[in-house]
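A.B. asks: Chain order of the listed sequences is A and B. Using this note's numbering, you'd call the opening residue of the first sequence number 20 and step up by one each time. Using this note's numbering, you'd call the opening residue of the second sequence number 83 and step up by one each time.
Be careful, since some hints might not be right.
[As the list claims (entries may be wrong)] Calculated cross-link-like contacts (lysine-lysine; reagent style DSS-like; alpha-carbon spacing at most 27 Å):
id : chain 1 : residue 1 : chain 2 : residue 2
1  : B       : K85       : A       : K231
2  : B       : K223      : B       : K212
3  : B       : K267      : A       : K231
4  : B       : K97       : B       : K267
5  : B       : K212      : A       : K231
6  : B       : K282      : A       : K134
7  : A       : K62       : B       : K295
8  : B       : K217      : A       : K134
9  : A       : K231      : B       : K295
10 : B       : K217      : B       : K85
11 : B       : K85       : A       : K60
12 : A       : K134      : B       : K168
13 : A       : K60       : B       : K155
14 : B       : K217      : A       : K60
15 : B       : K282      : B       : K212
16 : A       : K231      : B       : K97
17 : A       : K63       : B       : K212
18 : B       : K212      : B       : K127
19 : B       : K267      : A       : K63
20 : A       : K134      : B       : K85
21 : B       : K127      : A       : K231
22 : A       : K60       : B       : K97
23 : B       : K155      : A       : K62
24 : A       : K231      : B       : K282
[Said to hold, decoys possible] A few chain A residues that face chain B, going by a derived Cβ cut-off under 7 Å, partial list only:
id : residue
25 : L86
26 : S89
27 : P93
28 : D138
29 : L142
30 : D144
Simulated from the structure, these hints should not be mistaken for lab results. Being a predicted model, the structure only gives us computed values, none of them experimental. Where is the CB? At the ideal position from N, CA and C, for every residue including glycine.
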Amino acid sequence: MEVSELLQITLLTIRVSGTAVSLSSIVGIWLGSYIAIREFKLKKLVVTLVNTFMGTPPVLLGLVLYLLLSRSGPLGFLGVLFTPAAMILAQFLLTLPIVTGLSTSAVESLPRELKEYVDSLALPDFYKVLLLVNEARIGILSGVLAALSRAVSEVGAVIIVGGNIRYYTRVLTTAIVFYTSSGDFDTVLELGLVLTVVYFAINTAVLLLRYKVGEGSA
Amino acid sequence: MLKAVNIVKSLGETKILDNVSLVAHRGEIVVIVGPNGAGKTTLLKILALLTPPDEGHIDIDGSLVDFSNEEDKRRMQEKIAYLPQKPPVFTASVYTNIYLPLRLRGIESGEARRRTEHWLTTLRLSEHAKKNAHKLSGGQKQLLALARALALDPEILLLDEPTSSLAPSTAELVQDILKSYAREKNCYAIVVSHSTAEAKRIADTLYVLVSGKIEATYPGNIPKTEVHKWI
Numbered sequence: 020m021e022v023s024e025l026l027q028i029t030l031l032t033i034r035v036s037g038t039a040v041s042l043s044s045i046v047g048i049w050l051g052s053y054i055a056i057r058e059f060k061l062k063k064l065v066v067t068l069v070n071t072f073m074g075t076p077p078v079l080l081g082l083v084l085y086l087l088l089s090r091s092g093p094l095g096f097l098g099v100l101f102t103p104a105a106m107i108l109a110q111f112l113l114t115l116p117i118v119t120g121l122s123t124s125a126v127e128s129l130p131r132e133l134k135e136y137v138d139s140l141a142l143p144d145f146y147k148v149l150l151l152v153n154e155a156r157i158g159i160l161s162g163v164l165a166a167l168s169r170a171v172s173e174v175g176a177v178i179i180v181g182g183n184i185r186y187y188t189r190v191l192t193t194a195i196v197f198y199t200s201s202g203d204f205d206t207v208l209e210l211g212l213v214l215t216v217v218y219f220a221i222n223t224a225v226l227l228l229r230y231k232v233g234e235g236s237a
Numbered sequence: 083m084l085k086a087v088n089i090v091k092s093l094g095e096t097k098i099l100d101n102v103s104l105v106a107h108r109g110e111i112v113v114i115v116g117p118n119g120a121g122k123t124t125l126l127k128i129l130a131l132l133t134p135p136d137e138g139h140i141d142i143d144g145s146l147v148d149f150s151n152e153e154d155k156r157r158m159q160e161k162i163a164y165l166p167q168k169p170p171v172f173t174a175s176v177y178t179n180i181y182l183p184l185r186l187r188g189i190e191s192g193e194a195r196r197r198t199e200h201w202l203t204t205l206r207l208s209e210h211a212k213k214n215a216h217k218l219s220g221g222q223k224q225l226l227a228l229a230r231a232l233a234l235d236p237e238i239l240l241l242d243e244p245t246s247s248l249a250p251s252t253a254e255l256v257q258d259i260l261k262s263y264a265r266e267k268n269c270y271a272i273v274v275s276h277s278t279a280e281a282k283r284i285a286d287t288l289y290v291l292v293s294g295k296i297e298a299t300y301p302g303n304i305p306k307t308e309v310h311k312w313i
C-alpha cells in the first residue's frame, strides 16, 4: 500500500471518529448530567435503557442505519448512505450511550453535599449542569476516552453504512477487514500497527488532558 | 415570620421528624440543638427546600411553599443561603468559590467582586484567595463556605454546624459575625449546633430536638444549665 493511501485512510479514521465522538460528547455530557441531577418518573428505566444501548452491537446498529438510509428507507432522501457522513452518524449513535451513561455515573458519584449545595443555589439547570460537570470532569473524560476507543476500533457499523469505498469511506478497521479477506497480510499488519499507534496517541493525549484538568481536584 | 408547621418526615418505617414546629423571626438567631440522629440536619434541609416534608408545611413571610412547584420553590430558594454540615468546595480558587455563585445568581460583576473581597477580608481568607479551595484545611473550608453563604446576602441563612471545625477563637469570631449579620440584615438565621457555648452565645431562641421531636424551647435568656442538659 502506498504511503499516501495509508495517510488518507488514517486521516479519515481520525476525522470520522473524532467528529462522531465530539458530537456525542456535546450531547451525551449534557444529557447524562441532566439525567443525574433531575428526578423524574421514568429515571430508572431511562438509565437502564442508556446502559443497555452502551453494549449495542455495531453490526446491528449499522444494519438498522442501512435500512433507514437506503434509497427506499425513510431517510433515503438524505442521500448519505456510503458517505463519511453516514459513518459519522453511525459512530455518533454508537458512542452517545457510552458518553451519556458514564457522564450520569460520574455526576451521580459526586458527594451528596456538593449536589445539595448546588441545588440550594436555585440556579437554572444549565448552570447546575455546568458546575457539576466541572467537578465530575475526570470521570466524564474517562467516558469520552471509552467512547473514542469504541469508535476507532469498531468495524461493523462503518463497513455497512460506509461501504468501504477506496479513497472515500475506507478507514483503518474496514481496510484491515478488506486486506485480510484478500490475503494481503503484510498490509494488514501495517494497518494494524498504524491503528495501534493512533489508539496509543489518543490514549496518551486524553491521559495528559486528564492529568491537566485533574490538577487541584479533591 | 418563618414557620415550619407540624413537619413530619420518615425514611422507610423510621420517623425522622415527628410533628415538628418551629418559628423564626427576622434579626434573630434560632439555634437547634440535640444529640446525633435527632433529625436536625433533615429539618434544616426541609427549611432549605432541598427535601419535601411528608406532612406539614413551610411558611415564609406568609407564603406557603409549594414543594411540587419547581418554579415557586426556586423563587423561594433564591432567598436562602444554605451551609451543609460538610461544606463542599468547587475545584477552583478560593476567590472563585465565592465569586462564581454570585455571578451565576445574576449579581453584577462589580458588586460580586466587592462582596467577595469583603467576606474574604472579614473571615481572614484574603491571603488564600488565589489558592485552590481543595488545598485549604478543614477549618478554612468551613470559613470559605460561610463566606460564600453570607456573600449571597440571603434573607434566610441556614447553617449546619458552621463552627464545628474551627478553633475556639475563630469560632467566637464567626459567632459574633453571625449575630451582627442577622441584626444588620434583618434576616432569618437558623443554626444547627452541637456546641453548648455556641448555643448559649448566639441563640435568641433555642429548640431542643430529640428523636425527631421538639423536647423544649427556650426563647430569650437561655439558662446555661438547660443547654447542657440537652447536648
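A.B. asks: Would you mind marking each hint as holding or not holding in the structure?
C.D. replies: Right, here's what the structure says about each hint:
no.	hint	verdict
1	B/K85 x A/K231	violated, 48 Å
2	B/K223 x B/K212	holds, 14 Å
3	B/K267 x A/K231	violated, 42 Å
4	B/K97 x B/K267	violated, 36 Å
5	B/K212 x A/K231	holds, 18 Å
6	B/K282 x A/K134	violated, 32 Å
7	A/K62 x B/K295	violated, 34 Å
8	B/K217 x A/K134	holds, 20 Å
9	A/K231 x B/K295	violated, 50 Å
10	B/K217 x B/K85	violated, 39 Å
11	B/K85 x A/K60	violated, 30 Å
12	A/K134 x B/K168	holds, 12 Å
13	A/K60 x B/K155	holds, 19 Å
14	B/K217 x A/K60	violated, 39 Å
15	B/K282 x B/K212	violated, 36 Å
16	A/K231 x B/K97	violated, 47 Å
17	A/K63 x B/K212	violated, 41 Å
18	B/K212 x B/K127	violated, 31 Å
19	B/K267 x A/K63	violated, 44 Å
20	A/K134 x B/K85	holds, 26 Å
21	B/K127 x A/K231	violated, 36 Å
22	A/K60 x B/K97	holds, 25 Å
23	B/K155 x A/K62	holds, 21 Å
24	A/K231 x B/K282	violated, 48 Å
25	L86	violated, 41 Å
26	S89	violated, 44 Å
27	P93	violated, 37 Å
28	D138	holds, 6 Å
29	L142	holds, 5 Å
30	D144	violated, 10 Å
Comparing the model with each numbered hint stated earlier shows that hints 1, 3, 4, 6, 7, 9, 10, 11, 14, 15, 16, 17, 18, 19, 21, 24, 25, 26, 27 and 30 do not hold.
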